[in-house]
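S.K.: Single-letter residue listing:
There are 4 protein chains.
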Amino acid sequence: MKLGLIGLGKMGYNLAQNLLDHNHSVVGYDVNAQAAKDLQGYNPNAIPAETIEDLVKQLDTPRVVWVMVPHGIVDNVLDTLSPLLSEGDIVIEGGNSHYKESVARGERMGQNRVYYYDVGTSGGTEGARHGACFMIGGNKEVFATIEPIFQDLSVEKGYLYAGEVGAGHFLKMVHNGIEYGMMQAIAEGFEVLDKSPFDYNYEEVARVWANGSVIRGWLMDLTERAFSKDAKLEGIRGVMQSSGEGKWTVETALELQASAPVIAMSLFMRYRSLEEDTFHGKVVAALRNEFGGHAVVKK
Amino acid sequence: MKLGLIGLGKMGYNLAQNLLDHNHSVVGYDVNAQAAKDLQGYNPNAIPAETIEDLVKQLDTPRVVWVMVPHGIVDNVLDTLSPLLSEGDIVIEGGNSHYKESVARGERMGQNRVYYYDVGTSGGTEGARHGACFMIGGNKEVFATIEPIFQDLSVEKGYLYAGEVGAGHFLKMVHNGIEYGMMQAIAEGFEVLDKSPFDYNYEEVARVWANGSVIRGWLMDLTERAFSKDAKLEGIRGVMQSSGEGKWTVETALELQASAPVIAMSLFMRYRSLEEDTFHGKVVAALRNEFGGHAVVKK
Amino acid sequence: MKLGLIGLGKMGYNLAQNLLDHNHSVVGYDVNAQAAKDLQGYNPNAIPAETIEDLVKQLDTPRVVWVMVPHGIVDNVLDTLSPLLSEGDIVIEGGNSHYKESVARGERMGQNRVYYYDVGTSGGTEGARHGACFMIGGNKEVFATIEPIFQDLSVEKGYLYAGEVGAGHFLKMVHNGIEYGMMQAIAEGFEVLDKSPFDYNYEEVARVWANGSVIRGWLMDLTERAFSKDAKLEGIRGVMQSSGEGKWTVETALELQASAPVIAMSLFMRYRSLEEDTFHGKVVAALRNEFGGHAVVKK
Amino acid sequence: MKLGLIGLGKMGYNLAQNLLDHNHSVVGYDVNAQAAKDLQGYNPNAIPAETIEDLVKQLDTPRVVWVMVPHGIVDNVLDTLSPLLSEGDIVIEGGNSHYKESVARGERMGQNRVYYYDVGTSGGTEGARHGACFMIGGNKEVFATIEPIFQDLSVEKGYLYAGEVGAGHFLKMVHNGIEYGMMQAIAEGFEVLDKSPFDYNYEEVARVWANGSVIRGWLMDLTERAFSKDAKLEGIRGVMQSSGEGKWTVETALELQASAPVIAMSLFMRYRSLEEDTFHGKVVAALRNEFGGHAVVKK
Chain A
1 MKLGLIGLGK MGYNLAQNLL DHNHSVVGYD VNAQAAKDLQ GYNPNAIPAE TIEDLVKQLD
61 TPRVVWVMVP HGIVDNVLDT LSPLLSEGDI VIEGGNSHYK ESVARGERMG QNRVYYYDVG
121 TSGGTEGARH GACFMIGGNK EVFATIEPIF QDLSVEKGYL YAGEVGAGHF LKMVHNGIEY
181 GMMQAIAEGF EVLDKSPFDY NYEEVARVWA NGSVIRGWLM DLTERAFSKD AKLEGIRGVM
241 QSSGEGKWTV ETALELQASA PVIAMSLFMR YRSLEEDTFH GKVVAALRNE FGGHAVVKK
Chain B
1 MKLGLIGLGK MGYNLAQNLL DHNHSVVGYD VNAQAAKDLQ GYNPNAIPAE TIEDLVKQLD
61 TPRVVWVMVP HGIVDNVLDT LSPLLSEGDI VIEGGNSHYK ESVARGERMG QNRVYYYDVG
121 TSGGTEGARH GACFMIGGNK EVFATIEPIF QDLSVEKGYL YAGEVGAGHF LKMVHNGIEY
181 GMMQAIAEGF EVLDKSPFDY NYEEVARVWA NGSVIRGWLM DLTERAFSKD AKLEGIRGVM
241 QSSGEGKWTV ETALELQASA PVIAMSLFMR YRSLEEDTFH GKVVAALRNE FGGHAVVKK
Chain C
1 MKLGLIGLGK MGYNLAQNLL DHNHSVVGYD VNAQAAKDLQ GYNPNAIPAE TIEDLVKQLD
61 TPRVVWVMVP HGIVDNVLDT LSPLLSEGDI VIEGGNSHYK ESVARGERMG QNRVYYYDVG
121 TSGGTEGARH GACFMIGGNK EVFATIEPIF QDLSVEKGYL YAGEVGAGHF LKMVHNGIEY
181 GMMQAIAEGF EVLDKSPFDY NYEEVARVWA NGSVIRGWLM DLTERAFSKD AKLEGIRGVM
241 QSSGEGKWTV ETALELQASA PVIAMSLFMR YRSLEEDTFH GKVVAALRNE FGGHAVVKK
Chain D
1 MKLGLIGLGK MGYNLAQNLL DHNHSVVGYD VNAQAAKDLQ GYNPNAIPAE TIEDLVKQLD
61 TPRVVWVMVP HGIVDNVLDT LSPLLSEGDI VIEGGNSHYK ESVARGERMG QNRVYYYDVG
121 TSGGTEGARH GACFMIGGNK EVFATIEPIF QDLSVEKGYL YAGEVGAGHF LKMVHNGIEY
181 GMMQAIAEGF EVLDKSPFDY NYEEVARVWA NGSVIRGWLM DLTERAFSKD AKLEGIRGVM
241 QSSGEGKWTV ETALELQASA PVIAMSLFMR YRSLEEDTFH GKVVAALRNE FGGHAVVKK
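Protein chains in written order, with full-length UniProt numbering: chain A, 1 to 299; chain B, 1 to 299; chain C, 1 to 299; chain D, 1 to 299.
Simulated from the structure, these hints should not be mistaken for laboratory data.
Just so it is clear, CB atoms sit at the ideal spot from N, CA and C, and this is done for glycine as well.
Careful, some of the hints might be misleading.
[Claimed, not checked] Partial chain D-side listing against chain B, Cβ under 10 Å, derived:
hint, residue
1, S242
2, E251
3, A260
4, F291
[Claimed, not checked] Subject to a maximum C-alpha distance of 35 Å in a straight line, what follows is the list of computed DSBU-like cross-link-like pairs (lysine-lysine):
hint, chain 1, residue 1, chain 2, residue 2
5, C, K37, C, K157
6, C, K157, B, K195
7, D, K157, A, K229
8, A, K299, C, K157
9, C, K10, B, K157
10, B, K140, C, K232
11, A, K195, B, K232
12, A, K229, D, K100
13, D, K195, B, K195
14, B, K298, A, K195
15, C, K140, C, K2
16, C, K10, D, K195
17, A, K140, D, K195
18, D, K140, A, K195
19, D, K232, C, K298
20, D, K232, A, K100
21, D, K100, D, K2
22, A, K195, D, K157
23, C, K299, D, K195
24, C, K140, B, K229
25, D, K195, C, K298
26, C, K100, A, K100
27, A, K299, B, K229
28, B, K298, B, K195
29, A, K298, B, K37
30, D, K10, C, K195
31, A, K299, A, K232
32, C, K195, B, K157
33, B, K195, B, K229
34, B, K229, C, K157
35, B, K195, B, K299
36, D, K299, C, K298
37, C, K229, B, K157
38, C, K229, B, K140
39, B, K37, B, K57
40, B, K195, C, K140
Pulled out of the complex, with its shape left as it was, chain A reads as follows:
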């Protein structure tokens, strides 16, 4: 299949290579023009586009355009793309969008009879390159048109048509919420080991847990890999950034009155890790001093 791909960054470029490996033609566009040229160097079935307009022109109708750009500029890209498309064209948005945005975009694109698919992608950059996991929302009938793309890009059984527009990014959001909780659980385990009276080799611990245990899985494989590079992680600080989906999951849980303590705590511990000191800590310390004369730590 020939399809357009807007955005050739960390994820998009890897997806493009993955597509090319599976004999698809990719008309590629990125604000950094070199990326599309590099892609052509990798495989001549990659056709660089100089603009989004140029990209659309090089596709046959019904066109298939995959948008893989940072969260903040999806709407800009859609604003440019939308007037260039025709009835029956298909837009796949594969970034980390909020599902409500996807629902709104789907409605907007639907007004021009363009089919909009919101696709959550998991598996990291490695997955994008060699086989990822896709959670897909959008029109059910038309999905058959693009299904071969997902069959090729994913590992076996690694894609799901999940429901109407929004269902894809909702599922990806929840996936990331679970990921937060699982990572924090693993991390707490190593925290307890690190304070234990025993002298564990963490790489070996991760390896044994990755082989045959109940908690084996890709995150444990990655834990092993991380410790193989830095046995005690002495080179890094425990600052836990977050990119939004965990927060969205907690917000959604609040909205749906779903109890999600573990996902919420995982997120709060991340926020906590961004601060050297906390105001709430000062308040508790000051209170202990007031009622019990307990010493405070002066600055």
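Please build the complex by placing chains B, C and D on the supplied structure of chain A, with the hints as guidance.
M.R.: What follows is chains B, C and D alone, placed relative to chain A:
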């Protein structure tokens, strides 16, 4: 009433003054001999004892001895005290003991027909001085003998015979667990204010919340006082020490299969505040780097 | 002072009586016309209005109108009220609005040069009647005009001009978040007592904790009162409803990247209490069965 | 190798079959004599023992005896076994013991110069049968003697000599703590899906997450399997039992002052699930009624 008081530290000395103000005679002993002399200086009804043996000798049977010493040396004091006592004597242990220790001590003292009362004390040093809150476990019938002491030392309605030995310290333990949760709740509120788009005067906020609101109470009064001394608490660090009862409450909740998420989280945030950086944070940061190429913060 | 009061429900009626007791004149309106007549019966300084238009007509400029209606109809009332007002008039909105709504309403009213004050009220219905706590946002200079109302309605020191529009409801929101945490902390304490080996009288426990302890305060007074009516709370179910501000606090904490584990857990336990059984529980039970053959509880 | 195996229950029998498949001889004993006979029926290299004494007699020195019995009777078995052993014999204890018990047992056995290995086993009954994960503590030099057993019983890389006695069960304990957190994270994700506006097929969701996603792993495979049997888990109740290691992990975290909010919350949600109604819920409901007149749900 004439009673012995072993331990004239921060809490014990204040209790002694409070007793003397209410016309009790206090035979006082402390490892720091000066404390008992100072107490006599405050009120001649205070009689310094040079040793625990000396203290016991100066009391009439049935003797009443209040032990108010740090948690770690209660058993030492009881070992010294026990052989000096006679059947029918009364020991009041007013420190922060674990209730299971109190149950064991009560049994031990009971073998010599000494009545043992475990007394949890709340209200801080101010309360000890001017009227505190006492939670009391021990023999129900004999309690009438010592009730006048508690009537005088406490604020109105501020003492409770709570049940058999152990019931006092169990109640105090749970009280402190609640205290942890309430303090953390207040502190989180100010944390949110501190990150808010508004420019609040925290002393004024604490004052208005201390007057007429649902969350008014002594902790809010103390919050106001703390902010009156340091408007933004800039002089202290948010290091939240803990002295054991919160941990005991969570351990007891685990043992009783009681769900106590708020008290547990209050405690964990205290532990977290003791560390500049965390191992669990490193693990999560390393994992994010492994699967998504997300940058880590280098040391 | 003569002022209009729209909304004579549980809170509004009590505030009106409180105002009348302090020699203010109240032009009262409620959809239930009987309420305004009852108020006049209580004190002839209460003037019933048949409509909002009628209410506005009976006030002198600059008018002061207090809006005390359920959260969902504030905008309706303001839509009706706004065109009837003149430059320099003052609107006080005393309900439980989201602070962002208040900011928006303040801007809208400001376009007509009407001064808008967002006022968070705490202290329950008793407070409204006999002295409450008010957190007030709005124009600083004009506040002097309405300050006497708050002096009269509040307990001593029980009102605060907190900053620009929005600052009042933000403060009230956080107050309620703290309240959630404090209530859950108290409740967990009694949960531990209830599973303990001791046989406590909960009313007596609440009483002793309400007198002289660190955790004394109004919530503990109310705890005592609740147990005085039903010693083991056997007549009610532990269903914990919530009315929004706790959720807003957690959402705001997420937005501000503030760590608020205790407030969040308090809210999640409320959500949990609304369900007889949970889907997450089923998933965990099914997983335990899958890997370990652990028995599940059949329906 | 020829070794003794005491305990042929769910785990022990599967381990025995696994050993026999790898050409080891197993002298088996169980209180239920039929189990050892069944094992012999499975493979004639299994020799039934009628008593523990009989089992010991049939082994050559240095003997290797694997104890795989329920947590509560390990000490009984060791009491019987210990006097029958000789210097240099080896005992492997493969159950779910607390690591402090293992340390104590190791010391006790060491007094008779018997080598004691505490072995945590993960992978469920399937793992025991076809390849599990073993975390092993004990004497480092002598470990080579028994290492071939673990090589054969485990999946590749699925065993670890982790350190001195206690290190095995400590690691298994923490493994289970992580497991609690991961299971609760997965379960919360499905809870959010279940309350979402979308109509997901949970088996398909688990399948896509199990293939190529960041959160893939054995627990997700099992989730898929569970939903394949009961699409909405309608046949079971969400009662989450626990067997101790999660609680031990939280207790250990408390002792080590390690912050483990996610593991703790996972446990508390399990405790919560054991109750139809809660006392803490009643307290909060009663308090809301007291201060705000909010309706309670009557029994």
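S.K.: Could you run down the list of hints and mark each one as holding or not?
M.R.: Against the structure, the hints come out as follows:
At its closest, the beta carbon of D/S242 sits 9 Å from a beta carbon of chain B; the interface hint therefore holds under the 10 Å criterion. At its closest, the beta carbon of D/E251 sits 6 Å from a beta carbon of chain B; the interface hint therefore holds under the 10 Å criterion. Given hint, D/A260 at the interface with chain B, holds; its Cβ is 7 Å from that chain's nearest Cβ, closer than 10 Å. For the restraint placing D/F291 at the interface with chain B, the shortest Cβ-Cβ distance is roughly 5 Å, inside the 10 Å limit, so the hint holds.
Between the alpha carbons of C/K37 and C/K157 the distance comes to roughly 32 Å, so the proposed pair stays at or under 35 Å and holds. For the hint pairing C/K157 with B/K195, the CA-to-CA distance comes to about 25 Å; that is within 35 Å, so the pair holds. Proposed proximity of D/K157 and A/K229 is supported: the alpha carbons are some 19 Å apart, at most 35 Å. Distance check on the hinted pair: A/K299 and C/K157 sit about 32 Å apart at the alpha-carbon level, within 35 Å; holds.
Proximity of C/K10 to B/K157 is assessed by CA-CA distance (about 33 Å); at most 35 Å being required, the pair is judged to hold. Annotation: proposed proximity of B/K140 to C/K232 holds, straight-line Cα distance about 22 Å (limit 35 Å). With a CA separation close to 34 Å, the supplied pair A/K195 and B/K232 stays within the 35 Å bound. Restraint check for A/K229 and D/K100: satisfied, since their Cα atoms lie roughly 32 Å apart, inside the 35 Å limit.
The suggested pairing of D/K195 with B/K195 holds, with an alpha-carbon distance near 31 Å, which does not exceed 35 Å. At roughly 22 Å between alpha-carbon atoms, B/K298 and A/K195 fall within 35 Å of each other, so this suggested pair holds. A threshold of 35 Å between alpha carbons decides the hint, and for C/K140 with C/K2 the separation of about 21 Å falls inside it, so the pair holds. A hinted pair counts as satisfied when its Cα atoms are at most 35 Å apart, and C/K10 with D/K195 qualifies at roughly 33 Å.
This hinted pair checks out: A/K140 and D/K195 have alpha carbons roughly 22 Å apart, not beyond 35 Å. For the given pair, D/K140 sits about 22 Å from A/K195 by alpha-carbon distance, which is consistent with the 35 Å threshold. With a C-alpha separation of about 14 Å, the suggested pairing of D/K232 with C/K298 holds against the 35 Å cut-off. Between D/K232 and A/K100 the alpha-carbon distance is near 25 Å, which keeps this suggested pair within the 35 Å criterion.
Distance restraint check for D/K100 and D/K2: the Cα-Cα separation of roughly 29 Å lies within the 35 Å cut-off, and the hinted pair is therefore satisfied. Under the criterion of a C-alpha separation no larger than 35 Å, the hint pairing A/K195 with D/K157 is consistent with the structure, at around 25 Å. Among the hinted pairs, C/K299 with D/K195 is consistent with the structure: their alpha-carbon atoms are about 20 Å apart, no more than 35 Å. Taking the CA atoms of C/K140 and B/K229, the gap is near 26 Å; set against the 35 Å cutoff, the hint holds.
For a cut-off of 35 Å, the pair hint linking D/K195 to C/K298 stands: about 22 Å separates their Cα positions. Restraint check for C/K100 and A/K100: satisfied, since their Cα atoms lie roughly 20 Å apart, inside the 35 Å limit. Of the supplied pair hints, the one linking A/K299 and B/K229 holds, its CA atoms being roughly 15 Å apart against a limit of 35 Å. For the hint linking B/K298 to B/K195, the alpha-carbon distance of about 26 Å falls within 35 Å, and the restraint holds.
Our distance criterion of 35 Å between C-alpha atoms is met by A/K298 and B/K37, whose separation comes to about 33 Å. Restraint check for D/K10 and C/K195: satisfied, since their Cα atoms lie roughly 33 Å apart, inside the 35 Å limit. Straight-line distance between C-alpha atoms of A/K299 and A/K232 comes to about 29 Å, which keeps the hinted pair within the 35 Å bound. As the CA atoms of C/K195 and B/K157 are separated by approximately 25 Å, the hinted pair is consistent with the 35 Å bound.
As the CA atoms of B/K195 and B/K229 are separated by approximately 21 Å, the hinted pair is consistent with the 35 Å bound. Between B/K229 and C/K157 the CA atoms are separated by roughly 19 Å; this keeps the pair inside 35 Å, and the hint holds. Straight-line distance between C-alpha atoms of B/K195 and B/K299 comes to about 27 Å, which keeps the hinted pair within the 35 Å bound. For the hint linking D/K299 to C/K298, the alpha-carbon distance of about 25 Å falls within 35 Å, and the restraint holds.
Pair hint C/K229 plus B/K157 holds up; C-alpha atoms about 19 Å apart against a cutoff of 35 Å. This hinted pair checks out: C/K229 and B/K140 have alpha carbons roughly 26 Å apart, not beyond 35 Å. Between B/K37 and B/K57 the alpha-carbon distance is near 18 Å, which keeps this suggested pair within the 35 Å criterion. For the suggested pair B/K195 and C/K140, the alpha carbons sit about 22 Å apart, so the restraint of at most 35 Å is met.
Going down the numbered hints, you'll see the structure goes against none, and every one checks out.
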